[in-house]
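Just so we're aligned: 249 in this note's numbering is position 169 of the sequence shown, and the numbers increase by one with no gaps anywhere.
Simulated from the structure, these hints should not be mistaken for laboratory data. Do not rely on the hints blindly, as some may be mistaken.
Claimed, not checked - Using 20 Å as the maximum straight-line C-alpha spacing, the simulated SDA-like pairs for lysine to any residue come out as follows:
1. K541 - K418
2. K273 - K307
3. K544 - L456
4. K307 - L349
5. K144 - S184
6. K493 - E582
7. K179 - E157
8. K418 - K273
9. K485 - P475
10. K256 - K273
11. K287 - A227
12. K220 - P274
13. K493 - K544
14. K220 - M280
15. K321 - V279
16. K462 - E583
As the list claims (entries may be wrong) - Label pairs and their computed distance ranges (CB to CB):
17. Y140 - K508: 34 to 40 Å
18. K402 - G461: 35 to 41 Å
19. K324 - M209: 52 to 58 Å
20. P575 - K521: 54 to 60 Å
21. Y272 - K350: 23 to 29 Å
22. K133 - M156: 29 to 35 Å
23. K402 - E126: 18 to 24 Å
24. D398 - E537: 44 to 50 Å
25. E138 - H211: 42 to 48 Å
This one's a predicted model, so the numbers in the text were calculated from it and none came from an experiment. C-beta: ideal position from N, C-alpha, C; glycine also.
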Amino acid sequence: MKHCLFVFLPIFILFISCRQKVQSNFQPDISNQTETVYDFPEEYAEEIIITGKVLNREFYPQEKELTLIIPFFRDMENQYRTPIQEDGSFYFTFPVYAKIREVSIRNYAEHLYVHPGDSIHLEIDFKDMFHPKVTGDAEKLNQEILAFTESGYYYMRDYGIRNDLSVEDFEAELKKEYNTRLERRAEYLQKYKPMQDVVMFTEELLKQDYYYTILVYASQCQYRTRKEFARYHTLLPEINKLYKKGILSARLFDIVDWIENYIPTGMVLKNKEYPTIDDIMSEIGENELNQYLYTKVTANSLEANDTISLSRKRSQFDSIVKIPHLQGQIAQMYRQTKAFLENPQSVSDNLLYGKYNESSNTLTPMSYMESIYKILEENRGKVIYFDFWATTCPPCLAEMEPLKKLRSQYSTKDLIIYSICSGGNDTKKQWELCLDKYSMKNHDIECVYATDYIGLENYQKITKQFKINRLPYYILINRKGQIIDYGTAARPSNPNLLLRIEEIVKQ
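Take the sequences, apply the hints, and build the full model.
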């Protein structure tokens with residue numbers, strides 16, 4: 081029987097400006113539904129401890145915290161933030177659910193490798209940021225990897241090859257660049273004579289970047305020509321081997337992101353219909369890649385604040401996804417999403433006000449959010465719905481009619497709608513023409529041009545604060561001023577959104 085999760089054509093290919101990913105529906109009313117508790121896998125569950133010290137802080141006195149990133153799919157990475165103490169010390173603890181996994185401390189140590197239970201000490205010198213020092217567990221492993229990845233010579237992550245080249249020119253340039261990387265790796269091996277794990281890792285890292293570059297090029301070819309470009313389908317078995325080496329790097333998730341783009345898009349261009357997740361997995365035909373792909377589809381639904389889908393399809397997920405770190409990530413996302421749905425206050429406060437002192441309930445408003453605070457204050461006691469969009473985003477424009485229909489169903493005493501157009505690449509004239517084309521004026525929808533109403537710099541900060549990394553994007557706020565749902569799935573065309581709004585309007 082075919083699984084009911086559907087994967088649609090990645091909109092990045094069709095509408096590159098929107099960075100849209102299709103997600104499952106909004107969380108329905110769960111008051112009368114029972115969910116199975118989603119447990120964390122026990123394998124590799126022991127937590128990592130990273131302690132450290134920042135030296136010469138006076139070189140960058142504005143740096144008050146560090147961010148540790150655990151790679152996952154695009155825009156879904158786990159991020160842990162910790163303050164830098166007065167004495168320069170800092171501390172992280174987290175699980176990895178893998179035999180060995182890459183993590184990074186943003187801007188200061190981009191490639192750290194840890195095992196379950198490791199205790200690592202990291203020294204970061206603001207006077208010499210390219211040479212962080214690692215001691216403790218996995219010390220030799222990390223020092224040798226850092227010598228390769230942070231040198232600026234032995235390792236170059238991105239190829240920089242133009243995606244509009246002919247196939248022949250692209251492959252010739254790719255071969256030349258790859259051989260250069262192999263030569264520099266050989267120099268590194270000769271100079272440092274690293275341990276065997278590092279020998280294998282550096283080889284695999286170059287392969288990952290090589291295949292990643294091919295997948296980006298292939299996807300862009302399909303975008304340009306609107307035809308399936310199946311030339312590199314034969315590489316999938318070799319790409320799948322990258323996932324069997326036991327070293328989990330960030331690039332492996334990047335590769336799956338582009339496979340999700342490349343394969344389904346080609347299927348749509350060839351067959352003129354959207355494939356199901358089963359169709360795509362059958363086309364790929366590789367076990368590890370399919371586990372990653374199915375995990376991403378599941379993660380998309382959790383990102384859309386939907387826990388019911390996973391609960392209902394738990395047995396399907398467990399039958400397909402066996403890799404511990406994928407199971408662990410989904411379990412963590414499930415619990416976080418469920419906690420938000422049951423008690424949105426802390427997440428809402430963080431999105432609206434940033435950091436706050438829980439013991440005193442003293443919020444710390446941010447000045448660039450003043451326009452948002454003004455809207456909240458002026459509409460206290462009402463349901464507020466924000467629609468962030470752009471004139472160059474077809475999925476955004478497709479929601480104009482549903483937005484007007486939503487507006488017509490409720491009084492402005494109950495529901496306020498703000499339609500906020502990006503002021504970046506959109507000119508004000510384009511915005512005004514778009515409002516006329518879709519008859520958006522005189523519908524009791526507050527149509528706002530971001531640059532005028534908010535200011536371009538403030539708008540950019542607001543999008544970062546709200547984690548708006550694709551359009552369209554929506555935020556729903558209840559009568560108490562709490563954000564209760566947000567993301568790309570909260571569209572006015574989504575039937576569950578109407579149920580959600582109806583529920584909170586009655587409160």
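Hints, one by one, checked against the model:
1. K541 - K418: Roughly 28 Å separates the two Cα atoms, so the pair is violated.
2. K273 - K307: violated (47 Å)
3. K544 - L456: Since the Cα atoms of K544 and L456 sit roughly 19 Å apart, the hinted pair holds (cutoff 20 Å).
4. K307 - L349: holds (6 Å)
5. K144 - S184: Holds, because 17 Å separates the two Cα atoms, which is no more than 20 Å.
6. K493 - E582: holds (14 Å)
7. K179 - E157: Distance ~19 Å between K179 and E157 Cα, so the pair holds.
8. K418 - K273: violated (49 Å)
9. K485 - P475: holds (17 Å)
10. K256 - K273: Status violated; Cα separation ~25 Å.
11. K287 - A227: holds (19 Å)
12. K220 - P274: holds (9 Å)
13. K493 - K544: This hinted pair is violated, its Cα atoms lying about 30 Å apart.
14. K220 - M280: Between K220 and M280 the Cα gap is close to 15 Å, so the pair holds against 20 Å.
15. K321 - V279: holds (17 Å)
16. K462 - E583: holds (13 Å)
17. Y140 - K508: 34 to 40 Å: holds (38 Å)
18. K402 - G461: 35 to 41 Å: violated (50 Å)
19. K324 - M209: 52 to 58 Å: Violated, at about 34 Å.
20. P575 - K521: 54 to 60 Å: violated (27 Å)
21. Y272 - K350: 23 to 29 Å: violated (47 Å)
22. K133 - M156: 29 to 35 Å: holds (30 Å)
23. K402 - E126: 18 to 24 Å: holds (20 Å)
24. D398 - E537: 44 to 50 Å: holds (47 Å)
25. E138 - H211: 42 to 48 Å: The hinted range 42 to 48 Å is violated for E138 and H211, with Cβ atoms some 18 Å apart.
The structure shown violates the earlier hints numbered 1, 2, 8, 10, 13, 18, 19, 20, 21 and 25.
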